[in-house]
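J.: Here is what each chain is made of, one letter per residue.
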Amino acid sequence: MSTPRWIRWLAPAAVAFVAILAWSAASARISPVLLPSPLAVAEAVGSHGGTLAAATLTTGASAFLGLVVASLLGIGGALVFQRSAIAERALYPYALFLQTLPVVAIAPLLVVWLGYGPPVAIGSAALVSFFPVLTSAHAGLAAADPDQVALMRLYRSSWWQEMRLLRVPGSLPYLFSGLRTAAGLSTIGAIVGEFVGSNGFPACLGYLVLKGMRAAETGLIFAAIGCAALLATAFFISVRTLGTRLVGRWHPGGSA
Amino acid sequence: MSDAVQLEGVDFRWSPDEPGLLEGFDLACAAGAVTAIVGPSGSGKSTLLRLMAGLVDADAGAVRNGIEVPGELAYVFQAPTLLPWRTLRENVGLPLALLGTPPGERAAAVDLALARVGLSSAADKLPRALSGGMQMRASLARALVTTPRLLLLDEPFSALDAITRRRLHGVFAAAWQDATVVLVTHDIDEAVLLADRVVVLGARPLCVVADLPVDLPRPRSAALRHDPRLGSLVGQIEASL
Amino acid sequence: MSPVAIVAFILAACSGGPSSMPAAERSGLTSVKVALNWFPEPEFGGFYEGVLGGHYTAVGLDVEIIPGGPSAPTLELLGSGRAQVALTAADDLLLKRTKGIRAVGAWPGFQLNPLGLMVHEGSGPADFAAIASMTDPQVAIEVGGPFQTFLWKRHGWEGVVQAVPYGGSVGPFLADPGFIQQAYVTSEPCVARARGAAVRFLKASDAGWNHYGSLVAFADPPPPWAARFVAATQQAWTAYLEQPARANAEIARLNDQMTPGLLDCVTEAQRPFVLGQEGLGAMRDERWEATAAALVEVGLLPAGSTAAGAWVELRDAPPD
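Protein chains in written order, with the working numbering: chain L, 58 to 313; chain F, -10 to 230; chain W, -3 to 316.
Simulated from the structure, these hints should not be mistaken for lab results. Built from N, CA and C at the ideal position, the CB exists for glycine as well. It is possible that part of the hints are untrue.
To be verified - Listing some non-contacts, in silico: residues in chain L with all C-beta distances to chain F over 10 Å:
id : residue
1  : Arg146
2  : Thr157
3  : Leu208
As the list claims (entries may be wrong) - Here are a few chain F residues that face chain L, going by a calculated C-beta distance under 8 Å:
id : residue
4  : Ala42
5  : Ala192
6  : Pro217
The following block holds chain L by itself, in its conformation from the complex (with noise of 0.2 Å):
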C-alpha cells in the first residue's frame, strides 16, 4: 500500500517539531553563547532578516556560479579521460590532487589574484564540487554497455558518433548523482571561501557567521547556517528535478 500524501508531508514535520522541543530543552540548559534557543534564533531572523536574505543570494549566487564551473571543468576532464588513457594516466592525480587542497590554504591566494568575496567563494566552492563530477561523469562514459560499443564499431562510428549517441547519453544518470553530491558541497564550498575570503562587501552568509561568533551573538550564527542549509537543499532539490526531468523518462529514480 502507497504512503498517503499526507503522511509523506506529516512524517518529516513531526521530526521537525520533536526536534525543536528538544533543542529549546537543551539549549535552557546550555549556556545560550555556546547553543541559542529557536527563539533566540528567530529573533535574530527577525531583526537581521534584510542582511539575510541578501547575504543568502549572494552567497547562492557564488555556489551556484561555483557548480556551474565545476560542472564544465569536471565533464570537460571526463571526455578528456575518455578520449586519451594516457591524458586520464596523466592528469588524474592531480585532479585527486585539487580535491585534498584544503580550500582555507589557498583561500588568501585567491583574494590576492581575485579579490575580496565572491571570486573566492566561488573558486572554493569549483574546488570542492569538481571531483565528483569529474569521477561521476567519467565512470558514466566508460560504463557503456561493450555490446553496444562492438554494434557502433560494426557500422564504423567515429568517436565523436560513439560520444554524442551513446556514452554521453547513457553517463546522464551518474554524471546527476555526481551532480547531486557537488550541489551540497558547493554551498559549504562557498562558505568556507567567504570565512577566509570575505571583508563582509558584498555581506555574505560565511560573513555573517563570522561576524556572530566575534559578536558572540549565536542567534545570528546558527540563523545563517539554517539559511546556509536552505540554500544547500534547494540546490540538491533543482539538480535532482533537472536529473528527473533529463532522465527519468528512460531511466526510473532520476539519477544512477
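Keeping the supplied structure of chain L fixed, place chains F and W upon it in accordance with the hints.
T.: Only chains F and W this time, still in chain L's reference frame:
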C-alpha cells in the same frame, strides 16, 4: 555455392595466461545459407562469431568474411542492446544514422524492418515499455535495416521464455531473405528448425565434432517441430555432443 | 534570478569594498588603495578620518580604503598591485620580507601591540606569570602562531599550559569564568564587557612581544607620494584622536557590529596603545630590532637577522 565466411588455421586466446581457445581452426560457411553452430556453454562459440565479425582479431591464421562496406554485416547479441533513451524507431534506425543515410531513406527502411518483425505499432515506444521478446525483435529489426549480406546471431533467443522463443523462430524464419546467416545457439531444436547446416563444436581447443546438413523443406513452419525427420536429426546431434 | 543577472551581480560585487566617500575629483589626484588587515574598526579610525576630513586629498591623493578580514593578504595585495598601501604588523612584515615580499614599513598606528590575553577580572590570573601556577591551565590561542610560540618559549609553558584553538567567538569566554583566550584590545574585551563580563587584558607588550601595529607599508622602494601619505596620515590620526565621532560614524555605517557603545569602548581602550610612550607615529631603531630579535628567539627568523632595510622614516622627508 561459394563460401561467404572462411576461417583458416585460426589461432586465438584471450590472454597469454590462458590456454588457446582456437588452434589451427578451420571452418567455411556457404553464402546464402543458414549455418547453425551448436556446442556446450563456454566452448567459445561467441568468440568464434566475434572473430567472424571482425570484432576481435585472430592471433594467427586468416578470417575472411567478404565484407567491404559497413552495413553489409549485421550482428545480433544475446541481449537486445537497445539504447534505453531512444524510441524503437530511433534504435532500429541507428545503423543507418551512423552510415549517413538521408532521413527519408532511413525512415522507409526502418518502417520496412519494423514491419518484417511485426513491431510497427510499437515504433514510438521506449525499450523499457516493451517485453523481452519485443526488444529482441527490435534488435533483429535493427540488424536487418541495412539489408545485410552477412547476419551473425549470438544466441539471440536464449534469454527468452519458451513461448516467446517459438514465436520469434517464426519471425526469424519469415524475415530471413537471402543473407548468409551464422546462428550460434545451444538449443538443438532451434538449430535444426532454422538452419540449412548444423555444425557441432567440441570444447577447448575448439573443434568440429559433427557437421550435418539439414534437408528439411523451406519455408520452415512450426509444424516441422513434430516432423520425425527433425527428431532424428536432433538425435544425431545429441549423440555427437 | 536569471543567469545574466547573477553574473552581473557577482561582477558588481567584485569591487572588493565600498568607496568610503563619493568620488572625489579625479583630476590631478593620485589614486591610492589602502588594504586594511581587518574589518573596518576604530583601529583604522585615523585612516577613515583622513579620507573624510580631506587630509589625503589635500596632499593630492585619492584614497580608497579596502576592508579586509581574517587572513587578509594585504602585503600580497601590495605585491600584485591591487593595493598601493598595505596595513600590517611589524612582525608580519619582517616575516614576509624573508619570503621575498618587497615592502617597507613607514608609519605605525599602534605604538604598543594591541594583542594580548583576556581573562576574567575576579577569577582569572593577575598576570602572565600566574598562569603557569593555575590548575590545568589552558589558553585559547592561534595554535602554532608566532604569539603562541613566543609565550610558551619565554615563560616555559611547554608541558605546563595547554594551547587550545581559538574559535573566534567570545561565547566560550562568557560561559566559563576561568577561560583565558587571546584577544586584541580593539575587539574582544569590549565585546565581552558589552555582554556583562568584567575583563582584564594582559598585554603582549608586557610579555616581551611588542611590535608596531596598524603599520603602513609601501612597496619597496616606496612610491614618490609615500612621504605625503605619511604626513597626511599623521595629521589625520591626530585629528581622529581628538575627535573620533565622524570617522566612527563611517565605521559604524560600514560595520554594523560596531554599536555606539562598542565604538566608544574600543576608541577609548586603544588610545594608550596608539600613543604608547613615544607618541603617535614614532618609530625607533631599538623597537624594530627588538621585534627582529623576538622573531629570532622563536625561530621564525634565522639567527642574526635584523630589521635593517625593513622600515623607512618618512615623516621628515622633503615633500615630493
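J.: For L/Arg146, is the shortest CB-to-CB distance to chain F above 10 Å, so the non-interface label stands?
T.: 21 Å, holds
J.: Does the CB of F/Ala192 sit less than 8 Å away from some CB of chain L?
T.: Given a least distance of 23 Å, the restraint on F/Ala192 is violated.
J.: Close enough to count: is the Cβ of F/Ala42 nearer than 8 Å to one in chain L?
T.: At 7 Å from the nearest chain L Cβ, F/Ala42 passes the 8 Å test, so the hint holds.
J.: May I ask you to check that L/Leu208 keeps its beta-carbon over 10 Å from the closest beta-carbon of chain F?
T.: 6 Å, violated
J.: For the hint on F/Pro217, does the least C-beta distance to chain L fall short of 8 Å?
T.: This hint is violated: F/Pro217 lies away from chain L, its Cβ roughly 39 Å from the closest one there, beyond 8 Å.
J.: Run the C-beta distances from L/Thr157 to all of chain F and say if the shortest one exceeds 10 Å.
T.: 35 Å, holds
In terms of the numbered hints stated before, the structure departs from hints 3, 5, 6, listed from lowest to highest.
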